[in-house]
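2 protein chains.
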Amino acid sequence: MATPEQQKFATQIDANQQALIARLAEAVAIPSVSGDARYRKACFDMADWLLASLTKLGAKGELRPLGKQNLEGQQIELPPVILADYGNDPKKKTILVYGHYDVQPALKSDGWEHEPFKLTFDEKSGRMYGRGSTDDKGPILGWINVIEAHQQVGVDLPVNLKICFEGMEESGSVGLDDLVEKEKDAFFKGIDAICISDNYWLGTKKPCLTHGLRGIQYFKLAINGPGADLHSGVFGGVVHEPMTDLFAIMSKLVTPQGKILIPGINELVAPLTDEEKKRYDVMEFQISDIDEATGSQTAISDEKQQVLMGRMRYPSLSLHGIEGAFSEPGTKTVIPSRVVGKFSVRLVPDMTPEKVVEVVEKYINEEWKKLGSKNTMRLDAEPGGKPWLADPNHYNYRAASKATETVYGVKPDLTREGGSIPVSLTFSEILGKNLLLLPMGRSNDGAHSINEKLDISNYIKGTQLLGLYLHEVANAA
Amino acid sequence: MATPEQQKFATQIDANQQALIARLAEAVAIPSVSGDARYRKACFDMADWLLASLTKLGAKGELRPLGKQNLEGQQIELPPVILADYGNDPKKKTILVYGHYDVQPALKSDGWEHEPFKLTFDEKSGRMYGRGSTDDKGPILGWINVIEAHQQVGVDLPVNLKICFEGMEESGSVGLDDLVEKEKDAFFKGIDAICISDNYWLGTKKPCLTHGLRGIQYFKLAINGPGADLHSGVFGGVVHEPMTDLFAIMSKLVTPQGKILIPGINELVAPLTDEEKKRYDVMEFQISDIDEATGSQTAISDEKQQVLMGRMRYPSLSLHGIEGAFSEPGTKTVIPSRVVGKFSVRLVPDMTPEKVVEVVEKYINEEWKKLGSKNTMRLDAEPGGKPWLADPNHYNYRAASKATETVYGVKPDLTREGGSIPVSLTFSEILGKNLLLLPMGRSNDGAHSINEKLDISNYIKGTQLLGLYLHEVANAA
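For the record, the sequence lines run as chains X and Z.
First residue of the first sequence: 1, per full-length UniProt numbering; consecutive thereafter.
First residue of the second sequence: 1, per full-length UniProt numbering; consecutive thereafter.
Hints were generated in silico from the structure; no laboratory data involved.
Any given hint could be a false lead.
When chains are identical, the list treats them as one kind, so a pair holds in a single copy or across two.
[Stated by the list, open to error] Derived lysine to aspartate or glutamate pairs resembling DMTMM-like cross-links, with alpha carbons at most 20 Å apart:
#  : residue 1 : residue 2
1  : K374      : D302
2  : K362      : E292
3  : K91       : D291
4  : K332      : D380
5  : K374      : E292
6  : K252      : E367
7  : K252      : E358
8  : K68       : D177
9  : K332      : E382
10 : K370      : D302
11 : K8        : E284
12 : K355      : E366
Model the full structure from these sequences, guided by the hints.
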């Protein structure tokens with residue numbers, strides 16, 4: 001399937017494996033933890049290192065400062081965003097690639113088997129352990145590896161690249177939205193499609209393309225009663241208890257089978273099409289994968305399709321907790337005077353935060369009136385996040401699918417994810433171009449956990465995939 | 001109504017008011033906080049001071065050591081129990097009086113207007129502020145004042161007194177049950193009736209006698225699901241969530257109107273008799289008293305009788321909180337993997353912890369099965385406490401009622417309380433004698449709160465009441 005040029009590139013990646021691994025080891029050794037002020041210098045070091053790598057390959061880039069943030073009581077400079085151009089041939093397509101160079105915190109004492117900031121090999125399993133190996137240093141180095149290998153074998157990169165690597169993804173992407181908005185008609189002008197490699201295969205065996213993410217609407221339901229916490233001996237049976245009211249309302253939101261009970265909410269969900277339905281039949285997935293991931297046998301259904309759709313294409317409602325109630329171990333005979341129940345709804349098209357807030361408010365107000373309590377109730381909706389869904393029939397996806405078949409010999413699963421990657425929505429909405437999530441790592445990489453790893457095969461084949469994707473997208477239409 | 005001897009005693013109390021107040025000031029100045037190891041020496045000082053006061057008046061007493069306890073990681077000696085005899089005339093009745101000399105913690109920085117361990121007077125209101133003033137140093141000094149005044153006016157105390165003052169009441173009365181059991185046929189032998197002055201009037205105007213306390217049965221309902229907390233984006237709609245199950249069960253225990261929904265539980269409650277019903281009609285109480293006490297308008301009913309019975313003679317069920325769920329301010333999109341709901345039932349005759357556990361277990365097991373959840377459920381019942389109820393037609397109560405009419409010119413309310421005073425049950429059950437709760441202070445004394453106070457009138461008239469009660473009980477049959 002591969003053209004001779006593609007083949008030359010892929011062969012070079014295989015041949016150069018040791019150097020590519022050494023590059024990853026160098027990156028992992030810089031502890032660019034964005035959430036801890038003590039590592040802020042390492043974030044800047046990491047940005048410098050990346051910009052130098054790109055510049056050395058002929059990219060034209062710069063570090064864009066984002067101003068200051070307040071972290072642990074200090075005003076400190078935000079890690080910069082790297083914006084770089086590689087190629088500006090008007091005859092070629094221009095692809096925006098995004099990744100992040102910051103990582104989650106990691107200490108050996110958290111339970112890591114090896115030093116987290118030293119890339120460590122397990123020969124037997126072919127795995128490389130280290131913080132950031134899969135999230136997201138492996139993937140961003142993938143793009144650099146692609147550029148380098150093309151130069152090494154004298155093959156012209158068939159697209160112009162616009163590179164955006166941020167250093168605050170693990171800490172809320174502070175400042176990125178503003179930068180994208182500001183650079184919409186400057187740096188980001190003229191892009192044709194977007195590719196982000198910052199998620200994972202659905203399982204451990206079959207690659208996937210991801211074209212959807214759920215949104216979220218978080219609620220706080222406050223019940224106010226007595227002026228202070230009361231003794232349940234003296235006041236039990238005497239007053240309307242806020243906890244009783246809260247349980248009465250929150251128990252009416254969702255069933256133990258996961259069915260949302262809020263009238264009108266399920267009607268907001270776009271109907272399942274036949275095309276979609278078929279995707280779930282072929283996905284490489286078993287109920288035992290859920291059991292393994294959760295360390296339990298608590299899947300909502302025995303049907304893999306239903307479980308997958310429960311995660312990917314239907315809304316869910318989770319009860320997270322209560323603020324103001326007794327939450328310690330042991331016993332306490334308190335009547336809490338003010339409690340705030342927390343719950344959230346994961347959103348899918350065509351739900352919007354606004355519509356969901358509307359039906360939830362209406363329902364809770366009605367249910368509240370039925371209680372006949374003398375306490376007072378207040379529902380607050382946090383700022384919501386819309387669901388994101390890209391057209392998987394766009395040439396961007398067809399190109400990625402074809403490249404995957406070339407590298408892995410299998411048609412990738414077309415998945416959606418249950419959580420959010422806010423930058424996907426930012427790019428899609430502000431730039432208005434098709435966005436593709438093209439993962440490099442596997443579901444069991446442990447991105448935010450101890451012993452984060454990237455399989456060597458995923459790093460090497462994943463780099464080949466990124467390169468071949470650029471070839472395919474260059475020609476696709 | 002008073003006999004000349006009673007009159008002489010009462011007049012002496014009035015005449016000696018300044019000295020009695022000075023005695024209380026001396027006791028309050030000893031910070032005998034039992035719950036804080038740093039004050040343990042003060043507890044011993046307080047015991048020494050009391051024993052010396054009793055011995056000076058001719059009582060024969062001793063400090064009974066209770067062994068050690070572990071407090072804040074240290075093994076320290078428990079405050080002793082004072083056991084003392086005053087009189088042993090076989091022709092007289094023997095009355096056991098109990099009180100406690102330890103107090104709740106108090107720091108000026110908690111919000112006290114004055115130094116908590118310095119008795120401070122407010123001339124205008126006639127109140128004495130200080131930690132322990134009403135709970136329970138005022139009442140225990142009342143007994144000492146009674147003995148002293150009788151000696152001062154040359155009137156023979158008409159009963160033998162057995163005095164039991166403990167120093168751990170605010171910290172769970174550790175060791176007391178064992179001592180009572182051990183001394184049942186020794187020190188405690190031969191008593192005819194028991195009087196404890198360690199509770200409060202129902203309101204602020206009318207004295208009361210208290211003949212009942214509710215018991216308690218505390219439950220922990222654990223739902224186990226996934227092996228670890230999960231991300232609600234990735235797993236919402238995929239697994240059975242323990243929180244959903246917990247809310248489903250706990251919302252079925254009690255209504256917002258306080259009606260307990262557990263089948264069979266209300267059938268355990270002894271029926272309301274006409275005699276009882278009438279007591280609630282005459283009790284000095286208004287709904288506004290509840291509003292004032294709770295700082296809200298959340299009373300379960302507008303009928304004073306119903307509210308009073310809700311506290312005193314019917315069970316109640318309160319939901320206290322959840323362990324394992326998100327309980328902080330802010331937002332967190334977690335699916336808690338294991339949650340433990342805490343709730344308790346306040347018990348009244350003829351409920352017992354055993355019977356309540358039985359019906360609660362049965363109901364929750366049935367409701368659990370209906371949920372169809374793959375999570376697992378476990379209900380644990382904590383050690384329960386029985387309700388306590390004394391016969392208010394016993395001569396012990398008639399004597400106290402008559403003494404109250406003499407001192408206050410009003411027939412006291414006959415009340416029950418919603419909480420527990422475990423020592424009441426201990427004495428009643430082990431010694432098998434009628435026990436009377438004869439309060440000195442008012443409902444607004446703030447026993448465990450800041451600015452604890454005792455009205456001078458309650459201290460003086462309360463001391464007269466304790467003395468006249470002994471005269472009445474001496475002759476009653």
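Hints versus structure:
1. K374 x D302: Classified as between: cross-chain Cα gap 11 Å, same-chain 44 Å, threshold 20 Å.
2. K362 x E292: Neither: 39 Å inside a copy, 33 Å across copies.
3. K91 x D291: neither (50 Å within a copy, 79 Å between copies)
4. K332 x D380: Between copies, since 15 Å is at most 20 Å while 28 Å is not.
5. K374 x E292: Between copies, since 15 Å is at most 20 Å while 47 Å is not.
6. K252 x E367: both (9 Å within a copy, 16 Å between copies)
7. K252 x E358: Within. Shortest intra-copy distance 17 Å satisfies the 20 Å Cα cut-off; inter-copy 27 Å does not.
8. K68 x D177: Classified as within; 15 Å inside a copy, 63 Å across copies.
9. K332 x E382: Between copies, since 12 Å is at most 20 Å while 31 Å is not.
10. K370 x D302: between (37 Å within a copy, 19 Å between copies)
11. K8 x E284: neither (31 Å within a copy, 97 Å between copies)
12. K355 x E366: Answer is within; shortest intra-copy Cα gap is 17 Å, inter-copy 38 Å.
Comparing the model with each earlier hint shows violations of hints 2, 3, 11; every other hint is respected.
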